[in-house]
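Chains as they are written, first to last, in my numbering: chain A, 1 to 308; chain B, 1 to 308.
Heads up, some of the hints might be wrong.
[As the list claims (entries may be wrong)] Among chain B residues calculated to face chain A with C-beta under 10 Å, some are:
id, residue
1, 50
2, 77
3, 84
4, 109
5, 235
6, 260
7, 270
8, 272
9, 278
10, 280
Hint data in this document are derived by calculation from the structure and do not stem from the laboratory. Backbone N, C-alpha and C fix where the C-beta goes; we use that ideal spot for every residue, glycine too.
2 protein chains.
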Amino acid sequence: MTEPLFDKVAVIGLGLIGSSMARGMKKRGLAATITGFDGSADVRDRSRALGFCDLVADTAEEAVKDAELVILAVPVGAMRAAAQAIAPFLANGAIVTDVGSVKAAIVRTVASALPEHAAFVPGHPVAGTEHSGPEAGFAELFEGRWCVITPCARSTDASVEKVGALWTALGSTVETMTPEHHDIVLAITSIIPHLIAYNIVGTAADLEDVTQSEVIKFSAGGFRDFTRIAASDPVMWRDVFLNNKDAVLEVLGRFSEDLAALQRMIRWDDGQSLEDHFSRTRDIRRGVIDAGQDTADADFGRPHGHED
Amino acid sequence: MTEPLFDKVAVIGLGLIGSSMARGMKKRGLAATITGFDGSADVRDRSRALGFCDLVADTAEEAVKDAELVILAVPVGAMRAAAQAIAPFLANGAIVTDVGSVKAAIVRTVASALPEHAAFVPGHPVAGTEHSGPEAGFAELFEGRWCVITPCARSTDASVEKVGALWTALGSTVETMTPEHHDIVLAITSIIPHLIAYNIVGTAADLEDVTQSEVIKFSAGGFRDFTRIAASDPVMWRDVFLNNKDAVLEVLGRFSEDLAALQRMIRWDDGQSLEDHFSRTRDIRRGVIDAGQDTADADFGRPHGHED
Numbered sequence: 001m002t003e004p005l006f007d008k009v010a011v012i013g014l015g016l017i018g019s020s021m022a023r024g025m026k027k028r029g030l031a032a033t034i035t036g037f038d039g040s041a042d043v044r045d046r047s048r049a050l051g052f053c054d055l056v057a058d059t060a061e062e063a064v065k066d067a068e069l070v071i072l073a074v075p076v077g078a079m080r081a082a083a084q085a086i087a088p089f090l091a092n093g094a095i096v097t098d099v100g101s102v103k104a105a106i107v108r109t110v111a112s113a114l115p116e117h118a119a120f121v122p123g124h125p126v127a128g129t130e131h132s133g134p135e136a137g138f139a140e141l142f143e144g145r146w147c148v149i150t151p152c153a154r155s156t157d158a159s160v161e162k163v164g165a166l167w168t169a170l171g172s173t174v175e176t177m178t179p180e181h182h183d184i185v186l187a188i189t190s191i192i193p194h195l196i197a198y199n200i201v202g203t204a205a206d207l208e209d210v211t212q213s214e215v216i217k218f219s220a221g222g223f224r225d226f227t228r229i230a231a232s233d234p235v236m237w238r239d240v241f242l243n244n245k246d247a248v249l250e251v252l253g254r255f256s257e258d259l260a261a262l263q264r265m266i267r268w269d270d271g272q273s274l275e276d277h278f279s280r281t282r283d284i285r286r287g288v289i290d291a292g293q294d295t296a297d298a299d300f301g302r303p304h305g306h307e308d
Numbered sequence: 001m002t003e004p005l006f007d008k009v010a011v012i013g014l015g016l017i018g019s020s021m022a023r024g025m026k027k028r029g030l031a032a033t034i035t036g037f038d039g040s041a042d043v044r045d046r047s048r049a050l051g052f053c054d055l056v057a058d059t060a061e062e063a064v065k066d067a068e069l070v071i072l073a074v075p076v077g078a079m080r081a082a083a084q085a086i087a088p089f090l091a092n093g094a095i096v097t098d099v100g101s102v103k104a105a106i107v108r109t110v111a112s113a114l115p116e117h118a119a120f121v122p123g124h125p126v127a128g129t130e131h132s133g134p135e136a137g138f139a140e141l142f143e144g145r146w147c148v149i150t151p152c153a154r155s156t157d158a159s160v161e162k163v164g165a166l167w168t169a170l171g172s173t174v175e176t177m178t179p180e181h182h183d184i185v186l187a188i189t190s191i192i193p194h195l196i197a198y199n200i201v202g203t204a205a206d207l208e209d210v211t212q213s214e215v216i217k218f219s220a221g222g223f224r225d226f227t228r229i230a231a232s233d234p235v236m237w238r239d240v241f242l243n244n245k246d247a248v249l250e251v252l253g254r255f256s257e258d259l260a261a262l263q264r265m266i267r268w269d270d271g272q273s274l275e276d277h278f279s280r281t282r283d284i285r286r287g288v289i290d291a292g293q294d295t296a297d298a299d300f301g302r303p304h305g306h307e308d
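Could you put the whole structure together from the sequences, leaning on the hints where they help?
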């Protein structure tokens, strides 16, 4: 254990990300005290039982009182209300950060809700699983992952540095960019993949000639990877789509154009163009593996055989 | 070791599937002799070095001579040529089967190329990884997976039963359906997912504002799962798309319609409809896990932390 980075940290929102951060900070001794709060009494009770916070408060006020750092880990659509709820109780010089998957909209809505005497450092850990809730969190979630920090007019150099140090200590590599650039990068790497996965799973459910049991049986051919992504938290993703509308619609337009081009190649038996396109995408896969963002093990290292 | 199911088996095409079948049959003693052949001299040499066949022949003739079972494990577009190459040398009463991912087109083109004295049992093991070539194969690839058999006019009851027994012995569960129904089921569970994955990886590569290194860095947010699928063999998939055109275009049309509907919900801030759609797709994921087609471990059980 080294000297804690923070005296008191408050985590608002105790789902997958919030509870993982609390666990990670506790494991590494990054905060002298960690308090938690969640709008759901049920989640508060479950979090108390899990014990990853020193104290789970019954009000936002109690949680953020005297906190040096307040982490907003609620769905994107609930960020502004969460910011308003904590605003009157923030200590002088408190740093507020968030973990939302969109940044420009959060800068607009959260920054204006916070008092002048607090700094705001927007952040986005690019990590997660398809599971939700306080039980799903674990201390290692952020290790080896990227965290994007998008400083805004309400960020000070010192607050950006401290929030960056927290993510580094949690095992992430920090990258800084503007909120707008973050939103377009994440639209293609995360948001559109989720939208497409949700979409194809829905299309499958609506086919009259194919039963749901057949879809499930034969899902190992590729479909199951989409179902995993499409199992992610519906409320979180609804908010992400609605709050990053410009970038999502822009990238989606390009995706649909490109898909129409592939569809045309199939209709007109243009095998050479198809093969050229498919060969090109292999290079990007190699880049993902070389960068340590995935394993090269066949089938993601899923177990084969009857033992699974 | 039990009594071998077959005296001599010939495997034509020594890629991921062919070499995995040879390894699986050898491991379980399902054939007294296994011969292999591949159109590429390089693949033949590498397969000899790997040693998963008793003999890798230099001609298709030598490979299939006196074989009780001949397995065509070449890309779909090469099936007819492979059938024509072996046809003159097939033993009386030989059974020919294939492992192609489309079935109606193969029934049309392969059955007519084979002599009357041979039976043909079309098959499709729904198993695979994103890797290709003889080095990528392993004996357990088919364990716990489904194999679809689509009997045709050239199948006899006895030949269907024997091919089914082979797949059962390799660890798969056999399901029988018509070639046409197979093609629509696989269009949604496998073919369209691959097409979409190839497409989005291409769209990402073409964005002017986002560098390839950014796409790779932030791929853990969902994109990397698409890159895995899009790393599959380009020639194999080109053939699958072109040879299952009707079902692919039909399902793709539905997918695009559904995607346009989601796009409209985003444009018009219809959060309730988005959330309803996303909640519904979670049920299908649960079905996939309950059916043992995937693991419920977070993130496919990918390792977290610096040890990975």
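Violated constraints from the hint list, given by number and in increasing order: Hints 1, 3, 4 not satisfied by this model.
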